[in-house]
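If you're matching them up, the sequences are chains A, B, C and D in order. Here the first sequence stands for residues 1 to 261, where the numbers follow this note's numbering. Here the second sequence stands for residues 262 to 522, where the numbers follow this note's numbering. Here the third sequence stands for residues 523 to 783, where the numbers follow this note's numbering. Here the fourth sequence stands for residues 784 to 1044, where the numbers follow this note's numbering.
Rather than coming from a laboratory, the hints here were simulated on the basis of the structure. The hints are all genuine.
In silico DSS-like links for lysine-lysine, alpha-carbon gap of 30 Å or less:
hint	chain 1	residue 1	chain 2	residue 2
1	B	Lys305	A	Lys155
2	A	Lys224	D	Lys1007
3	D	Lys861	C	Lys615
Each chain, written out:
Protein chains: 4
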Amino acid sequence: METIKEGDYILIRFKDKRYLKRVESDKNFSYKGGVLYYKDLIGKPFGITVGELQIFKPTLEEIILYGIKRETQIIYPKDTFYIAKKLDLSEGKKLLEFGTGSGAATMVFSSCVGSTGKVYTFEREERIFKTAKRNLERFGFTHNVVMFNKPFDPKEVKDIQFDAAFIDVREPYPYVEAVHKVLKPSAPVGFLLPTANQVEELLRHLRPYFGDIEILEILTRYYKANPDRFRPEDTMVGHTAYLLFAKKLLLDTTEAVNGEK
Amino acid sequence: METIKEGDYILIRFKDKRYLKRVESDKNFSYKGGVLYYKDLIGKPFGITVGELQIFKPTLEEIILYGIKRETQIIYPKDTFYIAKKLDLSEGKKLLEFGTGSGAATMVFSSCVGSTGKVYTFEREERIFKTAKRNLERFGFTHNVVMFNKPFDPKEVKDIQFDAAFIDVREPYPYVEAVHKVLKPSAPVGFLLPTANQVEELLRHLRPYFGDIEILEILTRYYKANPDRFRPEDTMVGHTAYLLFAKKLLLDTTEAVNGEK
Amino acid sequence: METIKEGDYILIRFKDKRYLKRVESDKNFSYKGGVLYYKDLIGKPFGITVGELQIFKPTLEEIILYGIKRETQIIYPKDTFYIAKKLDLSEGKKLLEFGTGSGAATMVFSSCVGSTGKVYTFEREERIFKTAKRNLERFGFTHNVVMFNKPFDPKEVKDIQFDAAFIDVREPYPYVEAVHKVLKPSAPVGFLLPTANQVEELLRHLRPYFGDIEILEILTRYYKANPDRFRPEDTMVGHTAYLLFAKKLLLDTTEAVNGEK
Amino acid sequence: METIKEGDYILIRFKDKRYLKRVESDKNFSYKGGVLYYKDLIGKPFGITVGELQIFKPTLEEIILYGIKRETQIIYPKDTFYIAKKLDLSEGKKLLEFGTGSGAATMVFSSCVGSTGKVYTFEREERIFKTAKRNLERFGFTHNVVMFNKPFDPKEVKDIQFDAAFIDVREPYPYVEAVHKVLKPSAPVGFLLPTANQVEELLRHLRPYFGDIEILEILTRYYKANPDRFRPEDTMVGHTAYLLFAKKLLLDTTEAVNGEK
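Chain A extracted, bound-state conformation (with noise of 0.2 Å):
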């Protein structure tokens, strides 16, 4: 059975807290009622409960929403996690993101396309990048992932055909016509909008080269595990992002095949 060792990150379940932290036999977790003293952690297993505390190894969810340095607003993992699987990412896929962030959008792409696939990404903020990297490498996800401190650049990935791309920046239009040139026919694309004006606007510009356009918000309702009491969580997050969807198409395409009509 895995037992806690020294460095680990464990996940403290404190009432409705939760708390991400790092196992340092020289220091302790203080909450109201007690306190907990790493070391008395060290070879026991994850899953054991402690007086009011429970001690959980992370999950990647609980490691982006407790654990990361963030520079910029985080992707919620309710988005990721739809937009992962939403690109079809899988063992051995190649994946274009840009902007970076805060890189929890990168981890969760990373642990999708797994050892055999790779996550190419683009930050152009120094400041952010650093502490991107800074991010994937505590966790554990850098073997899989190439970072470049720069705006998208398609002269870095030049022989590269990506099974998919994930724009969040705040300007994307003007990426168009270069993600179209980096990825597979048919492959799919998304980006994240936080504004209903900048939908809009990338709408204009994604013909004629994505279709299959589709346009979403992923909204997540948490309820209350009472069973006496069910009921919703008093308040909600209201909005994150919307998230479009589209698909290569090539072009001067429309010719090649006969017989329609």
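Let chain A serve as the given structure and place chains B, C and D on it in line with the hints.
Below, chains B, C and D without anything else, positioned relative to chain A:
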């Protein structure tokens, strides 16, 4: 460049509709405005436009939504995409699933654990089992899926320590203890429950086996892709199911760690 | 006790469906399972059960949803109920409305301002105007409604200081200044706008005429009335319109009050 | 033109915040950036701008949200506006309400039934009753409201046939029969229920007294009023309550009408 071959599945987009079809050279797709002869597609790349039609390589989501046969209500990709990553599925993980249903969720899980992982799935209804088996075979998801035509039976998987479990049966309550036994410590479990009553009842059975409980619904809100009249679609899916997630607690460990209080 | 008379409207509930019908003694309501002869209802009270049917006195909401003729998309009661009270309509208030549309909103407003209030409503399309007129006459809402078959024309209401205004036309922007003029100071105005683009455009026209701007959508989520399988309905209305509310600002008053800063 | 007088309530909008204040000539409103002396407002019209402040005449919604004292969770205007019209309240109607709570719903109902209607409201907790009484007096809603400091007691209203009833108590089940008795045939009743369990339980008690059952939630989604970055607010109210509506059925009338089957 990958080209369309006899026997390939294609996704046809025609106006606002999508169709998943198998390319058979002696067949055709007839639509309002013309006929597409599949033989004309063979040797052509995906991503082409044929008159009013766009021809794509289907994604997993489209296989599930438009391609599989169903004996029961399928689980929507909006839910399974979230469940798969919430259960922290990635390369090499072992998942327990029951019931299999149409196999839609199984496909998503299979795509997440990859060639080094494994999904063990149980379905007791023979008719449903057979449909799921055909779906998984037809779309190539059998290499890492082990199927059982019976209710969940711990004896069948007694040497396996699972990384996660997903349970979608009408009455999951009697299985809580048995699922707890086959999971690794701290491992996540997910339940899909259509009604509030089921959530209330399950909450009464989870203690002391599972902690860190989270209950939520995923709602997707689609928008019309019109840059000059941007607005949500007139109707939306109102409800599919409540999702309940928890993590395995080790029993009798409350006293195992000193130092608190 | 009030009893059903010839010519009355009744609301028939049969299983999950509702029907609004007029009691005419030589007619009947035929449904799967039987026939209801209206003459048998005359002299009976509302609220009775006839086999599988329940017979009620229709509410305003039911008149709108099941009774009125429509040339255009009606405004849903979920929206008009909110709008009416958000505009602070009550006994004796004077409301300006355009366009009238089917008259559904007009009925709600009429019911709010009562016999001492008044609704002035403009509709430029003759066909739509006539339908609205018939709807209002048929269900008794003409006593406090004044209708104009023309675009909003301030000259028609030049001696009136309105307590509130409600505007539901495709291009409300040119009317902002004229509406401002006929409203009392601080009076609320509401706009119904189906698309995000309209909201964006209107926001650019409201200053300096209106302040205290609020934009929202009203969503209703219905549940199945089954105590053992309580859950939301499978589908829901995804969008009707964005509602924008604001209040009349007096122009050139910034300097009117001393004491600040 | 109506002007601001000593003792009037005003709604101050400052940036994104709203404040409901009483004009007292020896007092002032102090905010980041300055001080507003109320004496300077007296004699001025509503709707004026004073530096960064906008001064409005408060609407009923604002009185409820920013003005009233509360001992309990208030019922939100989004819910009461809908309830009031769903119960078909209009000029002259008689409504039964319990419990009164803070009086927020009572105010909305009072404004709907007008000077010829009446709201009879029961509140058993003395502390809550007194707060509600003060709220109703302070904002002028006592002329058509009759208050009782006791649980709902049919003897107090035994000569009244109510047009509608609204019930907001934790355990409404024992009152179903008594409410049925005091309502006119076919009259609507509304219940406000925070939890799913309460809805399930109430559904078991409604038959055979009430039919035409409808259960829903009202969700409001607010948007930022920025024409160049139009998007929903980051957070939203996730849940206030389930609303259940039904209509009085006459008992033992199933056989009263012939003709069917």
